[in-house]
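Asks: Place chain R on chain D using the hints.
So the sequence lines, in the order shown, correspond to chains D and R. Heads up: the first sequence runs through residues 1 to 309, numbered per this note's numbering. Heads up: the second sequence runs through residues 1 to 309, numbered per this note's numbering.
It is worth saying that the hints were derived from the structure and are not from the lab. Please note that a few of the clues may not be correct.
Identical chains share a label here; the pair holds if one copy fits it or two copies do between them.
What the hints assert, rightly or not - Listed next, the in silico BS3-like pairs over lysine-lysine satisfying Cα-Cα at most 30 Å (straight line):
#	residue 1	residue 2
1	266	116
2	266	250
3	116	157
4	17	266
5	17	157
Protein chains: 2
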Amino acid sequence: MKNISIAIHGGAGTIRKDSLTKTKEQEYKQILQLALDAGYQLLEQGATSLDAVEMSVSKLEDSHLFNAGKGSVFTANGTHEMDASIMDGSTLEAGAISLVTGVKNPVQLSRLVMEKSDHLFLSGEGAQDFARSVNCEFRDEDYFYDEFRHQQWLALKGSDTFQLDHSLSKEDKFGTVGAVALDKFGNIAAATSTGGMTNKMYGRVGDSSIIGSGTYANNLTCAVSCTGSGEYFIRGVVAYDVSCLIEYKKMSLAEACTEVIQYRLKKIGGDGGLIALDNNGNIVLEFNTQGMYRGRRSVDGLNEVIIYQ
Amino acid sequence: MKNISIAIHGGAGTIRKDSLTKTKEQEYKQILQLALDAGYQLLEQGATSLDAVEMSVSKLEDSHLFNAGKGSVFTANGTHEMDASIMDGSTLEAGAISLVTGVKNPVQLSRLVMEKSDHLFLSGEGAQDFARSVNCEFRDEDYFYDEFRHQQWLALKGSDTFQLDHSLSKEDKFGTVGAVALDKFGNIAAATSTGGMTNKMYGRVGDSSIIGSGTYANNLTCAVSCTGSGEYFIRGVVAYDVSCLIEYKKMSLAEACTEVIQYRLKKIGGDGGLIALDNNGNIVLEFNTQGMYRGRRSVDGLNEVIIYQ
Numbered sequence: 001m002k003n004i005s006i007a008i009h010g011g012a013g014t015i016r017k018d019s020l021t022k023t024k025e026q027e028y029k030q031i032l033q034l035a036l037d038a039g040y041q042l043l044e045q046g047a048t049s050l051d052a053v054e055m056s057v058s059k060l061e062d063s064h065l066f067n068a069g070k071g072s073v074f075t076a077n078g079t080h081e082m083d084a085s086i087m088d089g090s091t092l093e094a095g096a097i098s099l100v101t102g103v104k105n106p107v108q109l110s111r112l113v114m115e116k117s118d119h120l121f122l123s124g125e126g127a128q129d130f131a132r133s134v135n136c137e138f139r140d141e142d143y144f145y146d147e148f149r150h151q152q153w154l155a156l157k158g159s160d161t162f163q164l165d166h167s168l169s170k171e172d173k174f175g176t177v178g179a180v181a182l183d184k185f186g187n188i189a190a191a192t193s194t195g196g197m198t199n200k201m202y203g204r205v206g207d208s209s210i211i212g213s214g215t216y217a218n219n220l221t222c223a224v225s226c227t228g229s230g231e232y233f234i235r236g237v238v239a240y241d242v243s244c245l246i247e248y249k250k251m252s253l254a255e256a257c258t259e260v261i262q263y264r265l266k267k268i269g270g271d272g273g274l275i276a277l278d279n280n281g282n283i284v285l286e287f288n289t290q291g292m293y294r295g296r297r298s299v300d301g302l303n304e305v306i307i308y309q
Numbered sequence: 001m002k003n004i005s006i007a008i009h010g011g012a013g014t015i016r017k018d019s020l021t022k023t024k025e026q027e028y029k030q031i032l033q034l035a036l037d038a039g040y041q042l043l044e045q046g047a048t049s050l051d052a053v054e055m056s057v058s059k060l061e062d063s064h065l066f067n068a069g070k071g072s073v074f075t076a077n078g079t080h081e082m083d084a085s086i087m088d089g090s091t092l093e094a095g096a097i098s099l100v101t102g103v104k105n106p107v108q109l110s111r112l113v114m115e116k117s118d119h120l121f122l123s124g125e126g127a128q129d130f131a132r133s134v135n136c137e138f139r140d141e142d143y144f145y146d147e148f149r150h151q152q153w154l155a156l157k158g159s160d161t162f163q164l165d166h167s168l169s170k171e172d173k174f175g176t177v178g179a180v181a182l183d184k185f186g187n188i189a190a191a192t193s194t195g196g197m198t199n200k201m202y203g204r205v206g207d208s209s210i211i212g213s214g215t216y217a218n219n220l221t222c223a224v225s226c227t228g229s230g231e232y233f234i235r236g237v238v239a240y241d242v243s244c245l246i247e248y249k250k251m252s253l254a255e256a257c258t259e260v261i262q263y264r265l266k267k268i269g270g271d272g273g274l275i276a277l278d279n280n281g282n283i284v285l286e287f288n289t290q291g292m293y294r295g296r297r298s299v300d301g302l303n304e305v306i307i308y309q
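Pulled out of the complex, with its shape left as it was, chain D reads as follows (with noise of 0.2 Å):
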């Protein structure tokens, strides 16, 4: 049995001690203990690092804590756009969906893409119509709402200006969930989900739906999920770069995620961080920020949940 393994993050950004109260850090820390958990619980069961990285992803969508899914900020005109994707290590398939509304949870939706559509990625009107053809689960606007949000949307509307969730707030609650597992087959996988920036311009695409720049896995090399200025990260090929140093440069995991973030990323002017894990269960949390909502746990008996640098 090889070394089960998973990793989470919640989002990368300007997270200091002293911006979060002791109540909230602990409510933080409480849902990603709660969302690892809930991954690596299936990958002792024996499950798939696919099923591990849904159910992680999945647990992170259904809290308001997190920008996607429940908690999803709002577009310049008000709505929720959500993107996900999610890859599958060891046959290199892919699903992807983006821009849509109402989807409960869009980590599922991407997976139901690769499984049973003919397409990778589905975007608006179209993803929506899959989604209800094989029945993924919609909630109403309710839901998705939340009065901090709200608020967020409110200071910003009407103006040019949005922000990733992760800059400008003064309480700032960060961006993007994504997970990376390691089954007991020896296969990988990787998923991202988010809810975008508040008040961007409706329509935006960010890196979380894009193989190959928030998302990838490759049971040769790694399985990558992203989290930041998402701009920088899809200019930067930053998932797949990381494969490549392994790959074809020969680096280690943990060279490879340091070059790409501490170096090439920030060289054209880009934040945030990513997970990473290869299949000999090594993992690599790696960021350029002052803090990252992350964790990881492995049969090794490594069991953590950290916010701060």
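Replies: Chain R in isolation, oriented as in the chain D frame:
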């Protein structure tokens, strides 16, 4: 002054000499030459590689022969949905759009997203609204109507079958268009544009709007524009893969293109091709199908348009 050069493609597929009449072949060659020359003349006049690729792709979009712009195929519900992207190798800036309808030149819209929006990738209604806000040229349904495309669609309508526009039809009309160029400043750029797949599920996004998969440009390595089975090009992160093989594995441009198209893409079941150049003026036109509409022209006198192997 650098070796100004440009290459274009009009799609790859099962193009055989016996499937095109002499007249049709001349028609294709004429438009390819016109598009090639239009971009090249700009380069001669001292324009940037970005201007040149935008010009050449626009010319191909303006023809009914290729599956992009005017010649776009019909989706499953009888509409036209177009994708495009562009990337500047000197800044790594990029722009992308997907699922737009009625825009005369999607490649021009992708450049406007890069230069005039705060985002990199806009899709659907949001992209349309942005297009209107920057006074993009629109055309009505009649402009995009083509009898052959309509027949192609009617033959598949109501079925679950879709076609890549280069696999099933009797008179093959080939797909996606693209261009790569090197200007006198030593900067390279790439652009791609497509009308998708006949009878595709609406909302399907292919590789043509994905930076890293369908389009990539970086002065340090190469500029690439792809065409083929989009889902496989996304899974293979094809355009960036060529760049990584050059940067990390020190392959030549030709070696990298062969490795990616003849081995890595084929291994996962993908078919298609790409055009690529570097800032030394090397040009590669690589495909693993029976033919690819293509052309290249450079300052040293090279000037050709080719269809078959």
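Asks: Take the hints in turn and mark each one as holding or not.
Replies: Comparing the hints with the structure gives:
1. 266 - 116: For residue 266 and residue 116, only the inter-copy Cα distance (23 Å) is at most 30 Å; the intra-copy one is 38 Å.
2. 266 - 250: both (22 Å within a copy, 24 Å between copies)
3. 116 - 157: This pair counts as between: shortest inter-copy Cα distance 20 Å, intra-copy 38 Å.
4. 17 - 266: Intra 24 Å, inter 50 Å, cutoff 30 Å: intra-copy only.
5. 17 - 157: This pair counts as within: shortest intra-copy Cα distance 29 Å, inter-copy 58 Å.
Consistency note: the structure conflicts with none of the earlier hints.
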